[in-house]
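K.L.:
Just so you know, the sequences run in chain order A and B.
Quick note on numbering: the working numbering labels position 244 of the first sequence as 244, and the sequence is numbered without any gaps.
Quick note on numbering: the working numbering labels position 50 of the second sequence as 50, and the sequence is numbered without any gaps.
These are calculated hints, taken from the structure and not from any lab test.
Glycine included, each C-beta is placed from N, C-alpha and C at the ideal position.
Wrong hints could be hidden among the right ones.
Below, simulated BS3-like cross-link-like pairs (lysine-lysine); rule was C-alpha separation at most 27 Å, straight line [to be verified]:
id, chain 1, residue 1, chain 2, residue 2
1, A, 49, A, 123
2, B, 91, A, 237
3, B, 91, A, 123
Some residues of chain A that are not near chain B, with every Cβ distance over 12 Å (derived) [unchecked claim]:
id, residue
4, 85
5, 106
6, 175
Computed far set for chain B versus chain A, every beta-carbon distance over 12 Å [said to hold, decoys possible]:
id, residue
7, 7
8, 8
9, 31
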Amino acid sequence: MTDKTITPREITFRVRRYDPDVDTVPHFDEYRMHVHDGMTVLEALHQIKAEKEPTLAWRSSCRMGVCGSCGMFINHLPMLACQTQVLHLDSDVVTIAPLPNYENVKDLVPNLEPLIEKHAAIKPFIIHTNSKEIDEPTGEFLQSVKERESISQFTHCIKCGLCLAACPTVATDPLFLGPQALAQAYRYTADNRDCGLHGRLEAIDIFHGPYQCHLAGACSQACPKGVDPAFAIQLLKRTLVLDSIGFGKKKSSLAKVMPLADVVKAIEEFAPPPRTVK
Amino acid sequence: MRETRLWSLHILVLPIIAVLLGAHFAVMHYAPVFYGMSVEKAREFSTMIERGKSITQLVLYILLLAAGLYHGMYGVRGIIRELPLTPTLAKLVDVGIIAFGLFIFALGTYVTWWTYSYKIGG
């Protein structure tokens, strides 16, 4: 990045506006303001709202790329507004629009209901088949470092919905489960503590499931947390194919149970060192 | 049936298509290379009938027909079903694709059998 690009200067923000009570079609309003080094798009929006346009609507919360609320279409790419520095966009005009592939509620607010519904449909939780162990636990379900690492990146999903906004298949097939839900389906199915693959088949082994992925890879590029949903979809396909021919991984809810007495012992072993300062 | 099985079959028939289509090309389009026969001669009715009387050809062509049709029909279904369809319409598309595929398979099989059982000279 050249020094010129991070030189504080005047930037024009083209913000898409839409109020369903007033507008029949969306339109763009322009706001010109001074941008300093390090200023994020979210901060710029706050400044526009405070100084120029108090009715401007968007969704945001944590301001540090954790909650996934402020997903927007910034210069024609889905990004988190709080993680995107204006001067790093290397453009004197910054266009901000709501995420595509979602219904537009108002201004920059997308309706994320389809994302949540698809996520919920794949049963995003550990499913045990050993109900006796659930009701009367005798120990803890263990997960080795290797087992954890095999699914680690997929656990980082913050449900921001950028991957669905980037996905060309979702654009043409709204029923496609999408990279977020499919990656999470793999995340839970591949978890060594989970025995719920067959409970998820109804939701994922369908026409609008993993086989509709066109391998564009846009989801993996858009993910602000470094998750690779496109890869997860391929791994999910492998899991489903192996299961369909009877070569799926056999899991047991009992296999990894550590007796509670050993758990207490293990906790004691990992106890922090004694205090050195009183 | 699970979509996984339908999709897996659609991938699994690919090597069958590749081999049998290769054989078809060798017989029909590359006859001068493989059989020392002109393409025109390879396409003549009498040559076709002569070839068609082989049981190997009968079996392989029916297999190629089945594999090609399945792969093609699954692909067409994928394109059509990607359109925003109601569940009823999606079901209709599935049924229509199966019916059309079976009809073409029956027609192709009939032609292949007709060639196999054709009596030269009446």
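K.L.:
Does each hint fit the structure? Answer for all of them.
P.N.:
Structure-based check of all given hints:
1. Our distance criterion of 27 Å between C-alpha atoms is broken by residue 49(A) and residue 123(A), whose separation comes to about 39 Å.
2. For the suggested pair residue 91(B) and residue 237(A), the alpha carbons sit about 24 Å apart, so the restraint of at most 27 Å is met.
3. Note on residue 91(B) and residue 123(A): the hinted pairing holds, with a Cα-Cα distance of about 25 Å set against a maximum of 27 Å.
4. For residue 85(A), the requirement that its beta carbon stay farther than 12 Å from each beta carbon of chain B is met, with the minimum near 37 Å.
5. Consistency note on residue 106(A): stated as away from chain B, and its beta-carbon is indeed over 12 Å from all of that chain's, at 24 Å minimum.
6. Its beta-carbon lying about 8 Å from the closest one in chain B, residue 175(A) breaks the requirement of being farther than 12 Å from that chain.
7. Consistency note on residue 7(B): stated as away from chain A, yet its beta-carbon is not over 12 Å from all of that chain's, at 4 Å minimum.
8. Not every CB of chain A is more than 12 Å from the CB of residue 8(B) (nearest about 5 Å), against its label as outside the interface.
9. The beta carbon of residue 31(B) is kept farther than 12 Å from every beta carbon of chain A, the shortest such distance being approximately 39 Å.
Hints 1, 6, 7, 8, counting from the list given before, are not met by this structure.
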